[in-house]
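Peer 1: Quick note, the sequences are listed as chains D and Z, same order.
The opening position of the first sequence corresponds to residue 102 in the numbering used here, with each subsequent residue numbered one higher.
The opening position of the second sequence corresponds to residue 114 in the numbering used here, with each subsequent residue numbered one higher.
Think of the hints as simulated: they come from the structure by calculation, not from any bench.
Each hint should be verified, as a subset may be incorrect.
Computed cross-link-like contacts, BS3-like style, restricted to lysine-lysine with a CA-CA straight-line distance of at most 25 Å [stated by the list, open to error]:
#	chain 1	residue 1	chain 2	residue 2
1	D	K111	Z	K272
2	D	K200	D	K152
3	D	K152	D	K183
4	D	K146	D	K111
5	Z	K118	D	K111
6	D	K183	D	K146
7	Z	K280	Z	K116
8	Z	K211	Z	K280
9	Z	K272	Z	K118
10	Z	K272	D	K112
11	D	K112	Z	K211
12	Z	K280	Z	K118
In silico contact screen, one side only, chain Z against chain D (beta carbon under 8 Å); selected entries [stated by the list, open to error]:
#	residue
13	L185
14	N188
15	M190
16	F214
17	V218
18	V226
19	A236
20	L240
21	V250
22	T253
23	V254
Just so we're clear, the structure is a prediction, and the values are computed from it rather than from any experiment.
All C-beta atoms in this analysis are idealised placements derived from N, C-alpha and C, irrespective of residue type, glycine included.
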Amino acid sequence: MINMKIDSTKKHNRNDIIFIVALLLIATFGALYLFVFRDGGNTVKVTVDGKTYGVYSLNENITEDIHTGNGNLNRLVIRDGKAYMETATCPDGICVSHKPIFRDGESIVCLPNKVVVTVTTTDTDSPDVVI
Amino acid sequence: MNKSKSVAFFGVCTALAMILAYVEVLLPPIFPAVPGIKMGLPNIIIVFLLYRRGPIPAIAVSLLRVALVSMLFSNAMALLYSLSGAILSLLVMIILRKLNFLSTVGVSVAGGVAHNVGQILMAMLLLETSELFYYLVVLTVTGTIAGILIGLCGSLIIKRIPERLLKF
Ligand SMILES: [Zn+2]
Chain D
102 MINMKIDSTK KHNRNDIIFI VALLLIATFG ALYLFVFRDG GNTVKVTVDG KTYGVYSLNE
162 NITEDIHTGN GNLNRLVIRD GKAYMETATC PDGICVSHKP IFRDGESIVC LPNKVVVTVT
222 TTDTDSPDVV I
Chain Z
114 MNKSKSVAFF GVCTALAMIL AYVEVLLPPI FPAVPGIKMG LPNIIIVFLL YRRGPIPAIA
174 VSLLRVALVS MLFSNAMALL YSLSGAILSL LVMIILRKLN FLSTVGVSVA GGVAHNVGQI
234 LMAMLLLETS ELFYYLVVLT VTGTIAGILI GLCGSLIIKR IPERLLKF
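Kindly produce the complete structure, drawing on both the sequences and the hints.
Peer 2: The following block contains the structure:
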């Protein structure tokens, strides 16, 4: 018999709970930071293979075909202040099924085509124009 | 120690881990907003091996499983991605088991979360971006919940499989 009693003590179970609660607390703070304390961004930045491909305003409705080489294509759509990937040639389709993004720092990643779409905030718009 | 019996045993373990990985692909997405999240079902086998057969068999079966599943069902990119997750997960689980302050449930939660963190770190490296924090938060929560379920399954198997079946 190897270590059959190793993990059934009360101390282990108590440590488990502390560990799990700590992990969830860290995630909760992360989520609060992401979803509550962060406002919507105004700019969409696209990088391909780590290099900047283009910067677009989140307030204009556009459709942009991102050519990533080798005939690969990601179609980015910005509509009603949200950005999403409409189509892509990547095999997994993860980027296409990602929900539309609009908060500062949110991103859609297409790992196979090495495309990262990120929402950022730039100060170019004068603040008194907003709403 | 019977060599052919242990070859057969670890072969069955690898096959089981592969089937669990395949089942995961067939299941509907847990959280459709962030695709790519998986339960980490193969970790049941890895946790079992870690506790009943030690770190080396756990490492061998885990890496074999990742390599075979990636070769059969996806590409080299996915291999790199899941390999980094598997290695970090193994490391964390082996160290935590040695330290012996968490039960199998705690260890498998840590392993599940480490698997996700490893994959995201590799993605950050490959894409040269640090803007994947969002994924990290979501995957920590889902990885913790999945890890609890998998740890409970794993600890049942660890306790119930009699040692005489594992004597070669
Ligand atoms: Zn994609």
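Peer 1: All the hints need checking, so say for each whether the structure fits it.
Peer 2: Here's how the hints hold up against the structure:
no. : hint               : result
1   : K111/D with K272/Z : holds (17 Å)
2   : K200/D with K152/D : holds (24 Å)
3   : K152/D with K183/D : holds (23 Å)
4   : K146/D with K111/D : violated (51 Å)
5   : K118/Z with K111/D : violated (37 Å)
6   : K183/D with K146/D : holds (13 Å)
7   : K280/Z with K116/Z : holds (11 Å)
8   : K211/Z with K280/Z : holds (23 Å)
9   : K272/Z with K118/Z : holds (22 Å)
10  : K272/Z with K112/D : holds (18 Å)
11  : K112/D with K211/Z : holds (16 Å)
12  : K280/Z with K118/Z : holds (9 Å)
13  : L185               : violated (14 Å)
14  : N188               : holds (7 Å)
15  : M190               : holds (6 Å)
16  : F214               : holds (5 Å)
17  : V218               : holds (5 Å)
18  : V226               : holds (6 Å)
19  : A236               : holds (6 Å)
20  : L240               : holds (5 Å)
21  : V250               : holds (4 Å)
22  : T253               : holds (4 Å)
23  : V254               : holds (5 Å)
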